[in-house]
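Dock chains B, C and D against chain A, hints included.
Number of protein chains: 4
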Amino acid sequence: MASINILKFGVSSPADTTPLKKLKAAGYEAKDILGVVGKSEGNGCVNDFSRTLSTHVWEPLIPESAITIFSGGTEGVLSPHVTFIVKESEPTGLQAVVGRTRMLEPHEIGTSAHAQEVASSIRALLQQSGISKDHVHLVLIKCPLLTSSKVEIIKAASKTPVTTDTYESMAKSRYASAVGIAVALDEIEEDNLEAAMQSEDCWSSKASCSSGAELEDNHILILASNPSLGTLRAASTYMDDAIDAGAILRTLEQVKRENGEVLQVFAKAEADPTGSIRGKRHTMNTDSDIHSTRHARAAVGGLIAGLAGDPQVYISGGAEGQGPPGGGSLCVIYRVET
Amino acid sequence: MASINILKFGVSSPADTTPLKKLKAAGYEAKDILGVVGKSEGNGCVNDFSRTLSTHVWEPLIPESAITIFSGGTEGVLSPHVTFIVKESEPTGLQAVVGRTRMLEPHEIGTSAHAQEVASSIRALLQQSGISKDHVHLVLIKCPLLTSSKVEIIKAASKTPVTTDTYESMAKSRYASAVGIAVALDEIEEDNLEAAMQSEDCWSSKASCSSGAELEDNHILILASNPSLGTLRAASTYMDDAIDAGAILRTLEQVKRENGEVLQVFAKAEADPTGSIRGKRHTMNTDSDIHSTRHARAAVGGLIAGLAGDPQVYISGGAEGQGPPGGGSLCVIYRVET
Amino acid sequence: MASINILKFGVSSPADTTPLKKLKAAGYEAKDILGVVGKSEGNGCVNDFSRTLSTHVWEPLIPESAITIFSGGTEGVLSPHVTFIVKESEPTGLQAVVGRTRMLEPHEIGTSAHAQEVASSIRALLQQSGISKDHVHLVLIKCPLLTSSKVEIIKAASKTPVTTDTYESMAKSRYASAVGIAVALDEIEEDNLEAAMQSEDCWSSKASCSSGAELEDNHILILASNPSLGTLRAASTYMDDAIDAGAILRTLEQVKRENGEVLQVFAKAEADPTGSIRGKRHTMNTDSDIHSTRHARAAVGGLIAGLAGDPQVYISGGAEGQGPPGGGSLCVIYRVET
Amino acid sequence: MASINILKFGVSSPADTTPLKKLKAAGYEAKDILGVVGKSEGNGCVNDFSRTLSTHVWEPLIPESAITIFSGGTEGVLSPHVTFIVKESEPTGLQAVVGRTRMLEPHEIGTSAHAQEVASSIRALLQQSGISKDHVHLVLIKCPLLTSSKVEIIKAASKTPVTTDTYESMAKSRYASAVGIAVALDEIEEDNLEAAMQSEDCWSSKASCSSGAELEDNHILILASNPSLGTLRAASTYMDDAIDAGAILRTLEQVKRENGEVLQVFAKAEADPTGSIRGKRHTMNTDSDIHSTRHARAAVGGLIAGLAGDPQVYISGGAEGQGPPGGGSLCVIYRVET
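Chains as they are written, first to last, in the numbering used here: chain A, 1403 to 1740; chain B, 1403 to 1740; chain C, 1403 to 1740; chain D, 1403 to 1740.
The following block holds chain A by itself, in its conformation from the complex (with noise of 0.2 angstroms):
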């Protein structure tokens, strides 16, 4: 079985590693990790070495079958922090089972094969779990990025990337991965995966999908809740636009008639692509200053760090596929009374 709980600690800097102390004080070891998702204190983009950093003292402290998620920019409120996705002996309600797809070549980033690897992928670690698909609230993705020196090799094999855009290749293997998701959880039928690489309009309420230049492989993190079994549940929906206050306060006030406390809250944001939200128009499209992923972390991260009451919330930024254009996908753990 793969039952799980969750903890969450605060890091004083992306090479603070002091959240195992805190973790094994709370009565567990190292070998217990299934998974480390934090949020680290960089821009989020492309030159972000908070996120390697993070990787880089986090990795020789797990064990090799467990996989880190680390997904840059607190901006605004946010606060860096790490949550702890650790195995339990018996059934608490949550489940989760983690994996890797195979390394991408660079000209494979951002295209159908990306997506049908993580699809692939998916599908063997629900089967190998026995994790039902319909218990499933979230899939947490963490997939590679174009480099300067990436775009170089596939040029130099005659091959074409996706994008020679370095920034813009984030959205694309973002895009793939949500669209392995969404093709997994049968959002999206496999042999429409083709046409939705095209379209940049399919989209899975329950992916979450983080791009870095730390990795070449993908992180795969599957959490799934099933109530009968335990005291800890995952509610998930999306938000439909930015600043859709109502869909979170509606997963919250259930939260609240069930008793229930927030152990945690994960969410995509992404400005509107077409530069307006509710007929308003956004600026962060044409910030050459600021890239569009951290406005979009810093608002809806005040939305819903006001709301949750609570700054160590996982909002990570370009939802391509997450949930509705502009939109996002929302996903709150918590932990009701017995």
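One should not assume that every hint holds.
The list cannot tell twin chains apart, which means a pair is met if one copy fits it or any two copies do.
[Unchecked claim] Calculated pairs, DSS-like style, for lysine-lysine (alpha carbon to alpha carbon, straight line, at most 27 angstroms): (1) Lys1682 <-> Lys1424; (2) Lys1535 <-> Lys1489; (3) Lys1658 <-> Lys1682; (4) Lys1682 <-> Lys1557; (5) Lys1682 <-> Lys1410.
Because the hints were derived from the structure by calculation, they are not lab data.
Just chains B, C and D now, kept in the frame of chain A:
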């Protein structure tokens, strides 16, 4: 009398003056304008030329006695717009008066002399307009800052600038303006003005100050509410920190109880100077790529726009003396059903 | 005839028009102005309102037929200034003609239609002014870009924008303008215009193009030198890469040999698209905090200002089609002793 | 004795340690390493995690007594690289010694205590190594800065931080280190250390200091040249301002006269604090999007890389006390033909 109405329109760029047409379509003339209060889409910092551009295009179109207050920075979901304060012949419930201090000498910016000048100008405006101090809900001020040239002028005159850091001079100027407001509204005793200037932690919950390179005096706009006189109202309070959703929700619920419709929200935002919010570390003060005022506007803007369901809100960064440290003043203008 | 002089003055801000007084003190009138070419201190990217502000304050002061070309970005040691191109009644050795293309439709920006329009406008200007193609040393163009709103307009009309990335549209617009120049100057055969637009690596060593949101047509300024006619001269070449000090030193030595004094330097700069310079990796294309055009202006500006001993030089970022990839066009205007 | 050689290699990322292989291929062992001096590709400011990452990957690979000095910021054409300082058994003409001060208490950073600690450590290192003060050409120091957390620790202890602005603390720390160097090298009399700390305009032409969050002591590397002992040499001087091409050209000409080949250039750069260079206004101190140290590195890096024909040069930003105001120290290491 000083009865007013408030109308808000989006702009397509900092040079867009088409809202004047919309104002006319709504039955007003340029001569009715007391003030134009806008959010423009620059960085809101020292080299924000969007503010200067907006000031430049608007000043020739409005009465000489009218004032402009452009606050730079529409980070995240915030939408560039202008709010007109227009005179009404009949009582509306809302009152306003606008004015200017004298030009400040560069070496006075951010000092007690600055605060004193603001205080005495506000008192004179209240007296001349017959607005009661007790009805005041908001004092908006646009105040000057120090550029490299002004710092050199001060040094050449063998005087001492309040700081040689041009970005920091914005904070000093806002604080001096806020202390002036607090003194004028009896939130601080006049005898304590000097001490307040030293302490850096006195504050007014009615103050909203914003600094810019585009002026050398202080522009002042005082908004007051007398519900017995009409259907327009103001409610003001303060956010205790940057994620104080409660303060916003309570104010919006008051509006709802009165069957009111929100016309505009004015709020100040800042990065908590201690480096943490509710005990969780934030990174706004250590991010050398994005100034903390930009972060704070994006986050608080996300929260308020989300709860108000409107990205055209006036969120201004740098709340020194304008609400408690790490929080900020908050004022909602609304119209009730008759 | 089209004889001209060149005068250069510093500005204290993008709104500073006092150089007009200095021009008058030098014996010229506003009506003598053919063009105002300036470096303004914004980010030189999509949301650079310093350019718009400068355009806004200067256009009412100069003849309707005169043009403005403001290039944003005075990174590093570069100093904000304006260069006047003024008519002279007597031959000076330097000639110029200015003009505009028609307004471009949003969907034409950065396309072959754009290049074609530039080419035919330049040809018409050369013919009407009697300037010989062989004497041309520099064609300065200010061209439009795509904002979020323009992208939406194009999509609403069921047309396809050249790109949906507003920053990238600046590069596309510059390249189309440069191809137009190359065609007009016979550096590219007209029949090859379409192929040149596809290839992305054709270039003119006389082209200097800069894009901005402040216009919808293309402003064109052609500078020519005929040493037999006077003491003002132009020398032009290109930098092979961004550290090609040799090209600059050789040009300055030519000036010195002729007992000349440099009046102004016009150069283009860009981040080498391969990601390296002389085999050494640079990070301009992977820095998500600062766009590569800003980096390139700062670096090449440092080199040229250092060698010329003058920070008031015109260095413009984004050299697509304006000199070899990674390098840029270079033109020095100077006066020789008689 | 302390004879050394210098070898320089590019890196593909801040985590790249493959230069160690190249060092070995050149005949050296890790145990020969005295110091690793690198340029890493972060912002060079408070939240530069590229420095921390580089330090993190390199420290386990080098002797415990060896030091690392990573200077963040490869703006413009600058290329990320590491320079090894390796011990030689035979005299080479170049000498070096490395060491550390004690850990500084947070409240000591940037104060006279800091300067004093640096001065006494340098003296001890010179004495222990037998290097003559007169042969010293460069003292490289990596020094600590104040983070938000350190500022809070200082306040909690009822002490006063040298500044509460984390970015400004970098400048204060560099200045204290530079004053320490000047005192140790008799450029400033020890009795005048306090006065020098007050004045802010004392300087050493041998100092190159860089601050970072990744350490709490000061790393010191002293480089000396004794041409009588071999073919490796150092020439040092200072740039008088950021466009002082003359200082660079004169030094490179000296190398050429000696039939030398440049191995590395070490230079400091800063934005002239007066806001102008040779009477022309610059905008580095009023740009709220890019810190002045980034601008200065890009510009001076462009000039030096251009003249040296090499983008792998060590240009470090923030030259307080390291060369005259607005200029910076300059040291060229070269090998002459025998």
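Quick rundown of the hints versus the structure:
Taking CA atoms no more than 27 angstroms apart as the test, Lys1682 paired with Lys1424 passes between copies only; the shortest distance there is 16 angstroms, against 45 angstroms inside one copy. For a Cα distance limit of 27 angstroms, the shortest separation of Lys1535 from Lys1489 inside one copy, 20 angstroms, qualifies, whereas the shortest one across copies, 62 angstroms, does not. Taking CA atoms no more than 27 angstroms apart as the test, Lys1658 paired with Lys1682 passes between copies only; the shortest distance there is 23 angstroms, against 33 angstroms inside one copy. In the homo-oligomer, the alpha carbons of Lys1682 and Lys1557 lie at most 27 angstroms apart only across protomers (18 angstroms), although the nearest pairing inside one protomer, at 41 angstroms, exceeds that limit.
Taking CA atoms no more than 27 angstroms apart as the test, Lys1682 paired with Lys1410 passes between copies only; the shortest distance there is 12 angstroms, against 37 angstroms inside one copy.
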